[in-house]
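K.L.:
Starting from the two chains in their separate frames, assemble the complex, guided by the hints.
Here's the letter readout for the chains.
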Amino acid sequence: MNTTTDRDYRQIPGTYVFDGDHCRKGYALNMFCKSLDQETNRAAFRADPAGYLDRYRLSDDQRKAVLLRDWLVMLRLGGNIYYTFKLAIFDGLTMQHVGAAMSAKKMTVDDFRAMMIAGGRPIAGNRNVEEWSHG
Amino acid sequence: MAKFIGGVGTSHVPSIGAAIDHGKTEEPYWKPLFDGVKPARDWIEEAKPDVVIVIYNDHASRFGLDVTPTFAIGVADHFEPHDEGYGPRPVPACQGDPELAWHLTESLVLKDEFDVAIVGEMSVDHGLTVPLSLMFGQPDQWPCRVIPICVNVIQYPQPTALRCFKLGQALRRAIDSYGPDIKVAVLGTGGMSHQLQGERAGLINASYDNQWLDGMVNDPQSLTKIGHTELLREAGSEGLEIIMWLIMRGAMNESVRQVHRFYHVPASNTAYGLLVLEDA
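In the order they appear, the protein sequences are chains A and B.
Mapping to the working numbering: the first sequence position 106 is 697, numbers consecutive.
Mapping to the working numbering: the second sequence position 158 is 180, numbers consecutive.
These are computed hints drawn from the structure, not numbers from a lab.
Incorrect hints may have been included.
[Unchecked claim] Listed next, the in silico DMTMM-like pairs over lysine to aspartate or glutamate satisfying Cα-Cα at most 25 Å (straight line):
id, chain 1, residue 1, chain 2, residue 2
1, A, Lys625, B, Asp43
2, B, Lys247, A, Asp610
3, B, Lys46, A, Asp702
4, A, Lys625, B, Glu221
5, A, Lys616, B, Glu221
6, A, Lys625, B, Glu102
[Said to hold, decoys possible] Some chain B residues well away from chain A (every beta-carbon gap over 10 Å; in silico):
id, residue
7, Ser199
8, Asn232
9, Pro242
In this text the structure is predicted, and so the values were computed from the model without any measurement.
The C-beta atom is built at its ideal place from N, Cα and C for all residues, glycine as well.
Isolated chain B (complex conformation) (with noise of 0.2 Å):
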């Protein structure tokens, strides 16, 4: 049977993968993230997950107005990098695993009623492949298969925060449910406090995330009862795509072991969070 062996946290930013592209993290504006990174990147290594399941947001890449999933599930064979107007990230493409991916579908759907959007076709950004640059570097192939779901969290009504942790819920029944002898690992990305527009760009809120890391830690049922309007205020506009990180965290045991834990202030206009966690 498939086997999940942890969840890690982390932020998306894309001038994290600009840094990583353009050989810039030994500097010292970046040096110290990466290195809060480090052990992060030692636990995946160790654990080498088959499949890694990535719970991100689009930014206007694969999906625009015209039509906005609040949960897409990517069941295709691979995924490109989008362009997302400097050209296409220098990363590999994604492989997929359609067979666990539509069985994740099929069990979501008809066994826990979370009707997620099939996407056939998908093209990735960065809330995808910076995650997978800070787990795994600069591989000429990324080391495992990966299942996309894209949530939305750019267009208001966003789903709760309990729904997503409910997702987690679902998803991780069905990670258990899945035959072959595989391991899988969730990766939440987003956040943490930023805001990038109005007048009030360059929000940053160092205690709330904390409160926030704590939560996912010891006590993510506290997390589920935050409406919109407390993220949009105290973690920023664009930092209310945390909740990304509850569907990871329901899909763990109420109890965790907390393996590593960072936060750095800024990362370009971003608070930048790390957990790696393993169910207790």
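Here chain A stands alone, though its shape is the one from the complex (with noise of 0.2 Å):
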């Protein structure tokens, strides 16, 4: 692909950038979550998840992410997280669940709000996946 852009936002660790190709790749997954915000649709996932799938292009593996509610696999499969939490919002969850349970090291929901009260997770050691490898 030609670009104007030496995409070096891949260096950064743990982070999913919705470019082109990630949009692409996540196309469908997104419009299925995006399409849970009206009632009449989330009614109908409700009653019937695979046959409300069946309605979009889901790759395989997508679905199954869905199905299984795999927050961070629905990322590396294209989705973005204000489409992805849609389906969060779905659940029931909040943003800090779903935090949790993508972070780097498994965390509660519990651990991840503490972490937020205490300042977050730091800038320092998290800049580059050349920090991440050498942990």
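P.N.:
The structure is reproduced here in structure tokens:
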């Protein structure tokens, strides 16, 4: 692909930048999630999750990740957090539940909340993938 | 003639809206934040704008992946809150100002070559309604008319920081050339540092945020030179939305007076920042 950027943002660890490649990969997954901003669609998905998902052209892996609520795998398969979060809202989860589930070292939601109250995940040591590979 | 009365920068974290909607503002978790916002509320109550132009981003609400306008202006006479999955927030619909919105559009497109998307029907999400709740509390009707200007900060490539600043400059020229005697304020929303996604979720960078607040007041030109990779890395993948504050700052004089500044961690997964500025 021709690029006008060297995509150096890919060196940021644990971060899935929603560029064109990511958007193309995740289009159906994200638009399924987007549909949950209408109550009629939420009711239909609640009544028949598998049947509802058939309306969208998700890959087998994306479909599996949705049904397993694997938030990190959804991101890796092209998901964008603002879209996948609509599925979390559907489940009654907060952003902190999802943040905990995606975190590098598995955290409980209480761990995650405590980390935020203590000032959040620090930037030191979290700028570049190289810092993580030596960890 | 229309008069520009000042600019406000504020984060638009959804959980702040939920805290207001569910009467939690006096709880220990939230009280420090709402105490810190009080001087901004006092300022806007005194300043009494007739119109606020709210620079915000849509979060997969009005716009999906089927169309992503880089900059979009709402020219409708009203804007309903969007159902983001919980049902719409219990806040009033915004009354628009179509006459001013069309004037801004003509000025931006014809005089400044800012080819904004023109949106005739537009629901608005927490990105716009949370700043209104922060500034005005829970009235039956918002006390002023609202013009939404929506910016793509989700889909890479987002507009550059410099482009946002220049849009603010063009917006100010448009405001200043509007005939009716009304008072106009500009709200730049979003930020500060936060990352909602991935293994790095929960990132906060207070020193970077405070440098940004300094720059907003004293040296906005330096902020316009910052590239996306730096913002994504230092402010977090969702913290990049802080570029929207530069639209507000671009609308102001080079020299400004800081009326109020406040910074608080955390609001849910986000660093909350607030600035109230007037032209010096």
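K.L.:
Work down the list of hints and note, for each, if the structure agrees.
P.N.:
Hints and how they fare:
For the proposed pair Lys625 (chain A) and Asp43 (chain B), the alpha carbon gap of about 24 Å is at most 25 Å, so the pair holds. Restraint check: the Cα-Cα separation between Lys247 (chain B) and Asp610 (chain A) comes to about 21 Å, which is no more than 25 Å; the hinted pair holds. At roughly 22 Å between alpha-carbon atoms, Lys46 (chain B) and Asp702 (chain A) fall within 25 Å of each other, so this suggested pair holds. In summary, the hint linking Lys625 (chain A) to Glu221 (chain B) is supported, as the alpha carbons are separated by about 23 Å, within the 25 Å threshold.
Distance restraint check for Lys616 (chain A) and Glu221 (chain B): the Cα-Cα separation of roughly 20 Å lies within the 25 Å cut-off, and the hinted pair is therefore satisfied. Taking the CA atoms of Lys625 (chain A) and Glu102 (chain B), the gap is about 18 Å. The hint holds against a cut of 25 Å. In this structure Ser199 (chain B) is separated from chain A by more than 10 Å, as the shortest Cβ-Cβ distance comes to about 35 Å. Under the 10 Å C-beta cut-off, the non-interface status given to Asn232 (chain B) relative to chain A holds; the minimum distance is some 13 Å.
Pro242 (chain B), annotated as away from the interface, keeps every beta carbon of chain A farther than 10 Å; the closest lies near 23 Å.
Checked against the numbered hints listed earlier, the structure breaks none of them; every hint is satisfied.
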